[in-house]
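Q: Now for the letters of each chain:
Protein chains: 2
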Amino acid sequence: MEKTKRTERITAVTRLLTDNPNQLFTLPYFCGLFSAAKSTMSEDIAIVEAALKKHGLGRVETLAGAAGGVRFRPMLSRKDAFRQVEDISRELCDPQRLLAGGYLYWSDILSSPDIARRMGYIIAGEYYDAGADFVLTMETKGIPFALMTAQALGVPLIIARRSSKVYEGSAVNINYVTGRGSIETMALARRAVKPGQKALIVDDFIRAGGTARGMMSLMEEFNVEVIGSAFMLAQENPSERHISGDTSLMLFSESGPDRLLVRPAPWLSQERDETL
Amino acid sequence: MEKTKRTERITAVTRLLTDNPNQLFTLPYFCGLFSAAKSTMSEDIAIVEAALKKHGLGRVETLAGAAGGVRFRPMLSRKDAFRQVEDISRELCDPQRLLAGGYLYWSDILSSPDIARRMGYIIAGEYYDAGADFVLTMETKGIPFALMTAQALGVPLIIARRSSKVYEGSAVNINYVTGRGSIETMALARRAVKPGQKALIVDDFIRAGGTARGMMSLMEEFNVEVIGSAFMLAQENPSERHISGDTSLMLFSESGPDRLLVRPAPWLSQERDETL
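For the record, the sequence lines run as chains Y and B. For the first sequence, position 76 (counting from the first letter as 1) is numbered 549 according to my numbering, and the numbering increases by one without interruption. For the second sequence, position 244 (counting from the first letter as 1) is numbered 717 according to my numbering, and the numbering increases by one without interruption.
No wet-lab data here; the hints were simulated from the structure. Honestly, I wouldn't trust all of these hints.
Covered by chain B, according to a simulated footprint, are these stretches of chain Y (three or more residues, beta-carbon under 8 Å) [said to hold, decoys possible]: (1) 486 to 498; (2) 528 to 542; (3) 574 to 582; (4) 586 to 592; (5) 607 to 620; (6) 638 to 644; (7) 655 to 669.
Under the rule of at most 20 Å between Cα atoms (straight-line distance), these lysine to any residue pairs were calculated in the SDA-like manner [stated by the list, open to error]: (8) Y:K478 / B:K638; (9) B:K638 / Y:L572; (10) Y:K638 / B:H528.
Label-pair distances were calculated between CB atoms; the ranges are [unchecked claim]: (11) Y:K478 / B:R732: 47 to 53 Å; (12) B:N646 / Y:P739: 39 to 45 Å; (13) Y:E534 / B:L497: 29 to 35 Å; (14) Y:P739 / B:L506: 29 to 35 Å; (15) B:S550 / Y:D567: 41 to 47 Å.
Ideal placement from N, C-alpha and C gives every residue a C-beta, glycine not left out.
All chains should be built: construct the whole structure from the sequences, respecting the hints.
A: And the structure:
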């Protein structure tokens with residue numbers, strides 16, 4: 474079989490690893506793909522690892538042992554994460570985004586593949602070692618952000634619905650009280666998740682946390698452990714909050730009837746323990 | 474400034490290009506990033522282009538001129554596309570997926586980041602040169618597939634809602650007749666799109682095409698041209714179809730009360746004009 478050049482292997486390995494985040498590739502797999510020796514392939518991977526690390530483009534990890542292999546974890550340095558969240562915060566402060574009733578128009582931000590992907594990288598960076606089996610979100614607006622987080626974590630996305638649908642088969646329905654005091658329904662197909670799994674809740678927005686607590690109750694019904702929750706935007710100092718320990722990217726506060734202040738969450742400006 | 478090695482530049486360029494699909498990077502941008510001469514950088518990019526092409530991992534394109542630059546377009550060869558769609562088709566034929574009433578359970582397939590991404594690459598590969606300004610979908614189930622298609626095309630995703638929401642501001646509402654004969658509403662915020670733009674419709678499923686035609690009517694209200702429509706799954710030989718010229722990945726037919734046949738769409742087994 475034709476021998477491949479190092480530059481060719483490095484390009485292909487970079488693309489394969491980064492296009493399949495958090496998925497383990499074995500060394501023999503790459504050796505077979507490029508007809509290369511293990512030692513050669515290990516050198517290639519070390520080069521890719523060092524280059525991505527140096528340019529803040531994510532982390533390549535090599536796991537030793539029989540079940541070992543190489544995987545790529547998308548990640549932003551805290552500095553890059555803060556700067557990107559700051560850009561979006563500034564955008565959200567635009568007075569033209571404020572609608573009647575004090576609502577914020579940000580559907581364009583939420584469904585931007587580019588923003589969803591980058592915000593997903595930041596959240597994934599906080600949860601790689603938590604071992605989530607899937608990401609759970611509630612339809613509709615949080616889906617892009619949740620999907621991109623799930624992609625970075627290399628796990629499925631599960632979408633809870635506002636009501637059970639005939640095309641989802643038998644479902645578990647729960648009722649929950651929203652932050653605005655109304656009673657709503659949330660539904661999930663019985664076969665969507667398995668008992669004993671671990672869930673990471675990801676959604677666009679949290680105020681009092683009624684919906685988030687609803688998702689937690691739903692997971693209880695399935696005997697699924699919730700290992701954390703992450704939101705794009707959270708109310709700063711809400712009068713009540715039904716959940717705790719959530720990871721939010723931005724905080725908002727109302728400063729007068731026609732002004733909304735949005736800022737990056739303080740944890741983003743703290744140094745991480747480890748260097749990226 | 475420190476000089477960089479070719480292998481380091483190639484790794485970083487591969488990641489930067491592939492993480493920002495269909496976005497134009499200028500040569501001077503890369504030269505500045507790596508303190509490299511234009512001729513060196515051009516050679517690097519030629520290596521990345523050849524390696525990705527050889528391994529069927531997508532296409533790097535160099536555009537000459539003042540507005541020129543380099544971009545990456547995710548793409549699958551027809552052979553790979555067919556094989557991947559065939560795998561999903563086979564999975565969908567599993568009798569356990571058939572629900573009461575003849576419905577198909579495939580929420581897990583639709584919200585898999587991995588499947589959505591790969592199916593998005595295939596659809597994007599058919600529409601790169603059509604010049605869509607955005608991808609339009611109707612909530613909820615098609616969102617992951619539509620988002621990944623939009624990401625590959627490097628354009629925003631716009632999500633039409635079942636009803637207008639207070640947090641989306643003033644909206645355009647239309648009524649449409651579904652394939653099952655009921656009258657439904659579809660809504661989109663006025664500020665979501667601009668007159669004169671071009672839309673690519675992407676959704677999970679098409680039977681008679683009522684919802685798709687609804688999306689077309691909605692776009693007419695905004696003076697937006699629909700340049701195409703793409704679906705993950707389409708009914709084969711429906712008794713009526715309200716739209717034409719759609720690109721579908723899989724076709725299904727009902728063969729008896731408790732059996733559904735799903736197969737890759739025939740165009741996937743045809744050779745493309747150009748080689749990937």
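Q: Each hint needs a verdict: does it hold in this structure or not?
A: Results of checking the hints against the structure:
1. For a cut-off of 8 Å, the count of residues in the segment 486 to 498 of chain Y with a CB near a CB of chain B stands at 6, and the three-residue condition holds.
2. Against chain B, the segment 528 to 542 of chain Y contributes 3 residues with a C-beta closer than 8 Å to a partner C-beta. That satisfies the three-residue criterion, and the hint holds.
3. Interface restraint, the segment 574 to 582 of chain Y with chain B: holds (6 residues with C-beta to C-beta distance below 8 Å; minimum three).
4. Remark: the segment 586 to 592 of chain Y is confirmed as covered by chain B, as 4 of its residues place a Cβ nearer than 8 Å to a Cβ of that chain, reaching the required three.
5. Counting residues of the segment 607 to 620 of chain Y whose beta carbon lies closer than 8 Å to any beta carbon of chain B gives 5, which meets the minimum of three for the stated coverage.
6. Three residues within the 8 Å Cβ limit are the bar, and the segment 638 to 644 of chain Y against chain B gives 4, so the coverage statement holds.
7. Residues of the segment 655 to 669 of chain Y lying with their CB closer than 8 Å to a CB of chain B number 3, which satisfies the three-residue condition for coverage.
8. A distance of roughly 56 Å separates the Cα atoms of K478 of chain Y and K638 of chain B; the hinted pair therefore is violated under the 20 Å criterion.
9. For the suggested pair K638 of chain B and L572 of chain Y, the alpha carbons sit about 11 Å apart, so the restraint of at most 20 Å is met.
10. For the given pair, K638 of chain Y sits about 42 Å from H528 of chain B by alpha-carbon distance, which is inconsistent with the 20 Å threshold.
11. Against the hinted window of 47 to 53 Å, the Cβ-Cβ separation of K478 of chain Y and R732 of chain B comes to about 51 Å, which satisfies the hint.
12. Distance hint check for N646 of chain B and P739 of chain Y: the Cβ-Cβ separation is about 41 Å, which falls inside the suggested range of 39 to 45 Å.
13. Distance hint check: the CB atoms of E534 of chain Y and L497 of chain B are about 32 Å apart, consistent with the given range 29 to 35 Å.
14. The beta-carbon spacing between P739 of chain Y and L506 of chain B, approximately 30 Å, falls within the hinted interval of 29 to 35 Å.
15. In this structure the hint that S550 of chain B and D567 of chain Y lie 41 to 47 Å apart at CB holds, the actual value being about 44 Å.
Checked against the numbered hints above, the structure violates hints 8, 10; every other hint is satisfied.
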